[in-house]
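Asker: Residue strings, one per chain:
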Amino acid sequence: MLDKTQIAKRIAREVKNGQYINLGIGIPTLVANYIPENLEVVLQSENGLLGIGPFPTEDKIDPDLINAGKQTITMAKGSALFNSADSFAMIRGGHVHLTILGAMEVSEKGDISNWKIPGKMVKGMGGAMDLVASADNIIVAMQHCSKDGQSKLLKECSLPITGINCVKKIVTDLAVLDVLPEGGFKLLERAPGVSVEEIVSKTEGRLLVEGEIPEMVFD
Amino acid sequence: MLDKTQIAKRIAREVKNGQYINLGIGIPTLVANYIPENLEVVLQSENGLLGIGPFPTEDKIDPDLINAGKQTITMAKGSALFNSADSFAMIRGGHVHLTILGAMEVSEKGDISNWKIPGKMVKGMGGAMDLVASADNIIVAMQHCSKDGQSKLLKECSLPITGINCVKKIVTDLAVLDVLPEGGFKLLERAPGVSVEEIVSKTEGRLLVEGEIPEMVFD
Amino acid sequence: MITKTVKNAAEAVRDVVSDSVLMFGGFGLCGIPENCIQALLQKDLTGLTCISNNAGVDDFGIGLMLKKRMVKKMISSYVGENAEFERQLLSGELEVDLIPQGTLAERIRAGGAGIPAFFTPAGVGTEVAEGKEMREFDGKMYLMEKGLRADFAFVKAWKGDTAGNLIFKGTARNFNPMMATAGKITIAEVEELVPAGSLDPNHIHTPGIYVQRIFQGGDYEKRIEQRTVSKE
Amino acid sequence: MITKTVKNAAEAVRDVVSDSVLMFGGFGLCGIPENCIQALLQKDLTGLTCISNNAGVDDFGIGLMLKKRMVKKMISSYVGENAEFERQLLSGELEVDLIPQGTLAERIRAGGAGIPAFFTPAGVGTEVAEGKEMREFDGKMYLMEKGLRADFAFVKAWKGDTAGNLIFKGTARNFNPMMATAGKITIAEVEELVPAGSLDPNHIHTPGIYVQRIFQGGDYEKRIEQRTVSKE
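Chains as they are written, first to last, in my numbering: chain A, 72 to 290; chain B, 72 to 290; chain C, 113 to 344; chain D, 113 to 344.
Treat the hints as calculated values from the structure; they're not laboratory data. All C-beta atoms, glycine included, are put in the ideal place defined by N, C-alpha and C.
With beta-carbon atoms standing in for the labels, derived distance ranges:
no.	chain 1	residue 1	chain 2	residue 2	range
1	C	His315	D	Gly204	44 to 50 Å
2	A	Glu108	C	Arg181	50 to 56 Å
3	A	Val288	D	Gly159	50 to 56 Å
4	A	Leu110	B	Asn104	55 to 61 Å
5	B	Asn104	C	Asp170	54 to 60 Å
6	D	Gly204	C	Phe249	29 to 35 Å
7	A	Glu108	D	Lys252	52 to 58 Å
8	C	Asp209	B	Gly254	40 to 46 Å
9	C	Ser203	B	Gly165	37 to 43 Å
Could you put the whole structure together from the sequences, leaning on the hints where they help?
Answerer: Structure below.
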């Protein structure tokens, strides 16, 4: 099983040179730490920054410089600031190449739920609905099952939807999977020590398993 | 009869303190020269400037600083630059209080034609259609009649329309007229030496003449 | 040059009345109009509709207005940092309209820009689309969303001049510039107020035409929600 | 940092082919991409659709492309300074789509911003409205207008960095920033190209994400159409 850091490390391998990337709150934010140094990428923060740098040292903290998770940040070399309308113009217009975000559920059609649990939790969708409706490539970082063992990779999402037919790839604590254009999950890799059988049993949606499924390797 | 300078001077009297104003090409541009010095107003240039200053002296000419008539200009104190989308957002959103522009024809319903003579002249509408569709107060500077003596204040415009029900006031070489909300021109003032009868005879659209019509006075 | 200066926050908010629609700039607690919020808290207001990306936290920002029960309705995209908010919402004391963040930003821009409606893909297939017109363009589905305006917009800038021109700092810009365009009366509080002519016209983010009142605020707390640091 | 630098205009326009849709920044001759236009004139292109507020003058700017019969269609708001244009138009050699200037600017912004359509009051009751959907909002009539994109957008900035960030000068900004967002490939020529990190992030008008290629242009003529001066 992968821990959060390993999920982030595995997702970082999906990043390509020259990409502009939006990272969601939680595990996705960690991805920034593991992008290979030889790749040149720019991180977008939907509250108005292209070029997120590392977290500041204590003496460099600036309350006027935060990311979408409200964390204090710095600006990378060559960054640019803009307002929220311009930020989502950028997102909606398809200029951001890759979006990485968390999910509560993903369906075999690529639908995603991550903003609301009726009667229980209402935090709001923030920028997630704009991001998933607009990005060409969406990778989800999530746990394969809920705390009580229910699969979160479903035939249909049970929670209110954030976006439809949008998720392209999922990295969970158990596996890496593609969402096929025609529907269904395709198993690509399994976490160290996790069997194909376990993944099959913990995936409610239609799962395609073809040939030998390699085990992920981490340094 | 008023010359162009006098038309501009007369229109300048309509300007109120604190207004943001867009001046069209030709006579409207001249209005800037006659706004009373005790009034604080800001001139908008739709190519991206709030705060048009005087024309530059020879040594201050900057090809990167022009007005919508492509004339070299300067920036007034406290001005701001922006792009064309932001400029028309400002215009369309009703933030510009007063628009002064030229016209080929105006109808008694306040329709205006000033962008095209079919088969003869096609310069384009530029920003005029946006301006007349958006401004609350539109004053037209124009000649009362064409060169061959035809009235340009009509029942219906004969040329392609720039905007409908938008002109509020007209200053011609002969007269100052309101366009009434219910339709029709109302004569307010006559040019020095011009009789009410002449204005009546040269106005094709419905003309309301009530009481004594004062003659304009210029210094 | 048209002068927009008022003395302080109290004078700036003097004519805000109950049941008004208000916009507040800021993302989380970053770039919020702290002085105006404090001045509004001094007034006896109820029934307000507040448009703001977030709803502050329990003891700061718009959270204080919620606690004082001044707010009838919130229009926001994310309200996750505020327990009192969640309580009022789940108990039905507070009306809430949750809007995707990009749609919220664009609706405010549209409101200020005289665009009554536009189409966006955000929210297609979700409960956000309920009751809204859907339309296909080039094989993709979109929702129609409408422009938003407010009776008063409260924005916070870094620098401003007496003509109302504003410059924001860092990511404290966020929703402030669009909201400045969408208020019937826009009130700007700035950390530093300078005479007109002191700011480079090429650096201005919000032209003065959008600002009806401006004042230099004080005592900015600029509270940080998630203080994160790197080791040296 | 992602580097966008190319050597010169010829390299920047290398893959522009006939029948492409091109956008050109500029208002009149102010802020036009002079170097890119010159490089395009060296190529054997026909059937181009050019989106530009104006069409240059007879012997400069896009006017030179018209003279060389490279252009099949112009999409503009005002073309009054170009006699050759008027001749080709009245003779039917050139297709022309005349669009209100604000609608043109907003359609380009919408194209770059993923907004397929929006409503505007400009053109209601005129021939611009013919064939377009009309709709009433709050008692006022509006037209539906669609977003515009291009295969290539050519923009001219004052300063730019190797990451593609742009700063414009004076009113040479005009249509350039929106067009930068609406090109599938956006090519920026700048008067001064500096290393990434040299420009203040708060002063940038066009973030580098929109720019695929950038180079430092030269020999700017910056021709003035209406030289107007005051006496001292």
